[in-house]
Amino acid sequence: MATTPAPVQDRSAVRSLLRLWPYVRPVRARLFSAAFVAILASCVGLVIPLVLKWMVDGPIARRDPAGVWLGALYLLLLGFAEALLFGLRRWLVARPLTHVEASMRAGLYRHLQRLPVAFHDRWASGQLLSRATTDLMLLRQFLAFPLTFLLVNGVTIVVGVVIMLLQDWTLGLVVLGPAVPVVVTCVVFEKRYARVARRAQDQVGDLTTVVEESVLGIRIIKGFGRHRSQARAFRDLSRTLRGTELRKARLLATIWGVIVTLPEVAIGAALVVGVVQVADGALSAGTLVAFLSTALALRWPVESIGFLLAMSQEAATATQRFFEVMDEETEHTASGHATSGARTGAKDPRDTGLRFHHVRFRYPDAEPGSPPVLQDVDLHIRSGESMALVGATGSGKTTLTALVPRLHEVTSGRITLDGVDITELSRKALRAKVAMAFEEPTLFSATVGDNVLMGAGDTAGTADLERALAVAQADFAHALPQGTDTQVGEQGLSLSGGQRQRLALARAVVGQPEFLVLDDPLSALDVHTEAAVEAALRQVLADTTALIVAHRPSTVLLADRVALLSGGRIAAVGTHHELLRTNAEYAHLMSGEEEGAR
Amino acid sequence: MTTATGAPAGSKPGDRPDDRAPSPGDPFDRDVLPTPPGATGTLLRSLLAPMRARVAVTTLLLLLQQAVVQAGPLLVAYAIDRGVPAFRAQDHGPLIAVGVAYLACALAAGGLQFAFVAAAARVSQDVLLDLRGRIFRHAQALSVDFHERYTSGRLISRSTTDVESLRELLDEGLQELVTVILSFVYISAMLLWLDLGLGSVAVASLVPLAALVRWYRRRAGRVYRARSTAIAAVIVKFVETMNGIRPVRAFRRESANDADFGELNRRHERVNGDALLEMARYVTGSRLVANTAVAAIVLWGGYRVADGTLALGVLAAAVLYLRRLYDPIDRLGMFLNSYQSAAASLEKIAGLLAQTPSVPEPAAPRRLPPLAGEHPGREVVFDSVRFGYRTGGEVLPAFDLTLPAGQTVAVVGSTGAGKSTLAKLLARFYDPSGGRVLLDGVDLRDLAVPELRRGVVMVTQETFLFSGTVADNIAIGRPDATREEMEQAAKEIGAHDFISALPDGYDTDVRKRGGRISAGQRQLVAFARALLADPAVLILDEATSSLDVPGERAVQRAMTTVLKGRTAVVIAHRLSTVEIADRVLVMEGGRIVEDGEPAELIAATGRFADLHRAWRDSLA
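Quick note, the sequences are listed as chains A and B, same order. Anchor point for the first sequence: position 14 equals 14 in the numbering used here, and the numbering is continuous, going up by one each time. Anchor point for the second sequence: position 512 equals 512 in the numbering used here, and the numbering is continuous, going up by one each time.
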């Protein structure tokens, strides 16, 4: 399951996290005020021991009831202030941070929708999904907690240390002693932790991929009774993940151990030194109580630094994973290179219809040296003409059709629609002109009607829907439980392959597009339905420029002419009967007889 | 089968005992499947039960750790009340004792902390491993029918985000809870021991805290359930878009999708924010209670020190303990957080796990009788089989059919005639609601899965490829097959040439170029897989729909040798398949309307003759 993309070079955690700024910027005011409030709250917390000291040394020692009352009142007020500040901080960040998470997720989704199809071929969607969910949750938690509290605890520690130093600088220094070793340990372990954390996150992505595939391929797994071996593969992966997680936990446990031990040792030392000083009279008992109270109050900020850093580290990895996707160029920014040289500029009036000019294509990630899928395709489909595209399995027919709506970009050469180079059109305009039906008929979670109408502009209505359903012989839609309002797709009724194919066809023709590209549109239909669809399609095709990938004579006959794709070139163009007579390869493809047998 | 035609939304479950859930009705529309009461708790207990010993050890480690940590203030009190006077009296003993004790405590605290974190991680990871495995195995055991309704996105969110929230509970939550309870118990005991009065006040303050916790739990429970549902909706939309990226592009769905996803995302954002705000309210409330209690105790304690009824050191220790008593309140909140969110997730997981497979494995599996001749085929009998989909649609009313061993049968008929249902029943993707399907006299329901799959294998028009190499994908047919056997299967079906032409041949990673193995080629891979499986009965359901004519011919040529002696059911729209069949069944409305040898039927004047003529014409 080698779907894990190689991690990009190790960026420093801070640099990675800084990239979050554009997303955090809109809520910076709230975030900063929250941090300020949190600092304030911590400082209030630190003042409380001082009030205690004042009470012990003052009113209590002097047995002054009024003073005791006053002290208690102070404590109460400070306590209220602390509680309200705590609440205020959380209230300040709750909505903004969920908003940051949501906008990052929306941004990721948006970006993914616009990344080249080649990107999606490469990335398992489980990896994408784990970025959109787990990683973004980690980031929100980071912004809510570690980010604020690294700052807050840092300030708290500094303020606390200052207070301690002011009270008694020798004791203060004793308590400060372990700071250096703690910091060193943290730095060393964080580095190792980062690596393990990244590995764990990638393994979660792989695991997600297995889960997803096991669900999407459930019929195959069941059909071959392979759920045990699938479960074994899953178990192996989840065991690996467990191993990584345990390694992570051991690192964390070490940091914890160090962080708990050292400050405690220091406080013990301070206690001994303090007692000696009190005994010598150099220090008041109240000061010692306050001092230790402060030192103990600092324990949590110091201890927390370990896991705060760990969380930050994980957030940094999550950020890197997030930007690995966000840094990919969308098809809108990735321009159709290679075409500029061949561009003629002036529009030739005779150049109507859909035309391929010396189109050459190889997948951008194909191994260097491997032959291109399409060598040199030259084909002219005249305006209003329909052309069938025939070729052996794997000859590149589907690839060729994908070039028209620019799902992939030609490597060299160009494609023109009525003389206009498709790279001069915006993708949106281009795809509005060209409608497609894919070999794999995908329906989305929406009603039948919406699924069909997404092929048309916003103005299309019931009449268009009815016409399209009639063309595709998809009247079964009316017999569904809620007619054309029946939900289908992921979240709805599951339809048979033939039904889905007919709806996909209806979707392609509903917008009455100028150009129609159909990839084997009738493969799952039975003979009668196929004949009925063909009859209806003929009318649509009469005035539409169409390219139809065909495997069978019946589909080929829909078209005015046929082009034979072979060896990455158009080997022959003509009518079905002409080619049957003159081209052995074509005859073979259409009849299945061995070449030359006729 | 009256429920068949467009089962109305209000159709009652339990009309028939085998009617487990109504169709376009409730449970699958909601995210939570009906869960027997208490199933969530039972699930959690059953997950933790095997770890009982280790949970105990882990808890013990934490107990010791807390004991050591909480000794601090006690040592402070001792140092101030005893150490100081003793030191003044030149007796250094008590102070040295305090110093040594404190050092020992510090070291023990660190060591125990290390041991605890490591041990807790083991427990939590093992529970997660168990739970992930259970969800996965259970999902795999559930029928195709279930998967068609439960959507892959939901299943994915069950085994990712929902498991993740249990992980948070185990990783941090349980530790928080144990720490919180232990500190409460320890510190309350310490306070009571130091001074009964002060201790009582401190313990009394726990009452309003408990009320607050209850209030929070109730409110947060609601919010977290809503949140888990909201994120599942986001995941479903996300997965659907990424898996259908080509049509999304071609039909310019990007903006519309952005809007839809934005709406779902915002809904999640809202409940997510609600959850955080609940937490904010809780934290404020609990701090208020805690700080008020501290002030009250200091007031009273101060009075008593002034009276001389309380030692100063005791008050100092009490105040130190008090601060610690309330420190874990936030942590309790965090625990409640993770608990609520995990409970919401566990509820959904429990709902999933409570689904009984509608196609269960037999309790006492039977074996198929040994093969009679040297031929691999077996006899298939449909014995008054009845079947109806819950969603309405295709039906099979009282269906009888016998396929002798070794016969190749072509099934034709229009869409919705029941051909695929026949195939799915024979492959045991579904069980009939009445009657039996027999393989050499053995009910399919009595066969264990490995035995069943040696008996029956189905190739569909679906062309899903798993990540991994082409070889891996073929090997699904028979994982223990050698490379030669696999290549042989590919050669026989005509897939060898294109596979060899791939960059790494059989070892080409389909995910890297997965989008680029054409649908026809995928079908060839599926065929090779089926050949490798070498079943007694082979079902081909539209398995050649994406092949071109030569491909289909090659498959047919291969079939004539491959199918020899095997029982085969071939469903195809294209009648070319019929040429290799011994027998043709024409289905209409779930019944067999014509049955005979191909030549015989073509010569007659029935539907098949019509179909055949139409097909001949289509070949032009």
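Keep in mind that the hints were calculated from the coordinates and are not lab data. No residue lacks a Cβ here, since even glycine has one placed at the ideal position from N, Cα and C. A few of these clues could be false.
Examples of chain A residues toward chain B, derived with CB under 8 Å [what the hints assert, rightly or not]:
| no. | residue |
| --- | --- |
| 1 | Ala-102 |
| 2 | Val-184 |
| 3 | Val-188 |
| 4 | Arg-192 |
| 5 | Thr-582 |
| 6 | Ala-584 |
Some residues of chain A that are not near chain B, with every Cβ distance over 10 Å (derived) [said to hold, decoys possible]:
| no. | residue |
| --- | --- |
| 7 | Ser-12 |
| 8 | Arg-28 |
| 9 | Ala-35 |
| 10 | Arg-105 |
| 11 | Pro-181 |
| 12 | Arg-198 |
| 13 | Ala-463 |
| 14 | Glu-578 |
Measuring from the C-beta of A/Ala-584 to each C-beta in chain B, is the shortest one below 8 Å?
violated, 12 Å
Can you verify the interface hint for A/Ala-102: is its Cβ closer than 8 Å to any Cβ in chain B?
Nearest chain B Cβ about 4 Å off; hint holds.
Report holds if the minimum CB distance from A/Arg-28 to chain B is greater than 10 Å, and violated otherwise.
The claim stands: A/Arg-28 keeps its Cβ more than 10 Å from every Cβ of chain B (closest is about 18 Å).
A closest beta-carbon separation below 8 Å is what the hint needs, so does A/Thr-582 meet it against chain B?
At 16 Å from the nearest chain B Cβ, A/Thr-582 fails the 8 Å test, so the hint is violated.
Quick one: work out the minimum CB distance from A/Glu-578 to chain B and report holds if it exceeds 10 Å, violated otherwise.
Its Cβ never comes within 10 Å of chain B, the nearest being 13 Å, so this holds.
A cut-off of 10 Å on Cβ-Cβ distance, and A/Ala-463 was said to be off the interface with chain B. Does that hold?
holds, 20 Å
Hey, does the A/Val-184 contact hint survive, CB to chain B under 8 Å?
Where the cut-off is 8 Å and the nearest Cβ of chain B is about 16 Å from A/Val-184, the hint is violated.
A/Pro-181: least C-beta distance to chain B exceeds 10 Å?
holds, 12 Å
Please check whether the beta-carbon of A/Ala-35 is more than 10 Å away from every beta-carbon in chain B.
holds, 16 Å
Evaluate the condition: distance from the CB of A/Ser-12 to the nearest CB of chain B exceeds 10 Å.
holds, 26 Å
Restraint outcome when A/Val-188 is required to lie within 8 Å of chain B by C-beta distance
Violated, because the Cβ-Cβ distance from A/Val-188 to chain B comes to roughly 16 Å (cut-off 8 Å).
Could you check that no beta carbon of chain B comes within 10 Å of the beta carbon of A/Arg-198?
At roughly 17 Å from the nearest Cβ of chain B, A/Arg-198 sits farther out than 10 Å, so the non-interface label holds.
Violation of the numbered hints given earlier is confined to hints 2, 3, 4, 5, 6 and 10; the remaining hints are satisfied by the structure.
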